[in-house]
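> Every letter in the sequence shown is one number past the one before it in UniProt numbering, and letter 81, counting from 1, is 81.
Listed next, with one range per pair, are the computed distances between beta-carbon atoms:
| hint | residue 1 | residue 2 | range |
| --- | --- | --- | --- |
| 1 | E34 | I89 | 35 to 43 Å |
| 2 | T33 | R72 | 29 to 37 Å |
| 3 | P11 | A38 | 36 to 44 Å |
| 4 | C9 | V32 | 34 to 42 Å |
Derived from the structure by calculation, the hints contain no laboratory data. Source: prediction; values computed, not measured. In this text, a Cβ means the ideal position worked out from N, Cα and C, and glycines have one as well.
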Amino acid sequence: MLLIACPYCGPRAEIEFAYGGEAHIARPGPGVTEEEWAAFLYLRDNTKGVLAERWRHSHGCGRFFNALRDTRTDRILTTYEMGTPRPDIKEGEAA
Numbered sequence: 001m002l003l004i005a006c007p008y009c010g011p012r013a014e015i016e017f018a019y020g021g022e023a024h025i026a027r028p029g030p031g032v033t034e035e036e037w038a039a040f041l042y043l044r045d046n047t048k049g050v051l052a053e054r055w056r057h058s059h060g061c062g063r064f065f066n067a068l069r070d071t072r073t074d075r076i077l078t079t080y081e082m083g084t085p086r087p088d089i090k091e092g093e094a095a
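Please build the complete structure, drawing on both the sequences and the hints.
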């Protein structure tokens, strides 16, 4: 079982959390084409390595936060609050 460090509550079991998709995806403004809207809804990076993800502590504080996870090892390198910039962590590093 994974232990995920909620930036608001501290480390908790992964069963308390819900995955929210790739982080730092900007919603397009008004007047976008159907192709641009479809790309926003469905196209995501399939990164082999460190990926920024959005998570929700659904069975705890209920707040969203971001995490950097290595998709090759399923290891969460760090977590950080929503609205803060992505930490500059490379593959093989941990915060």
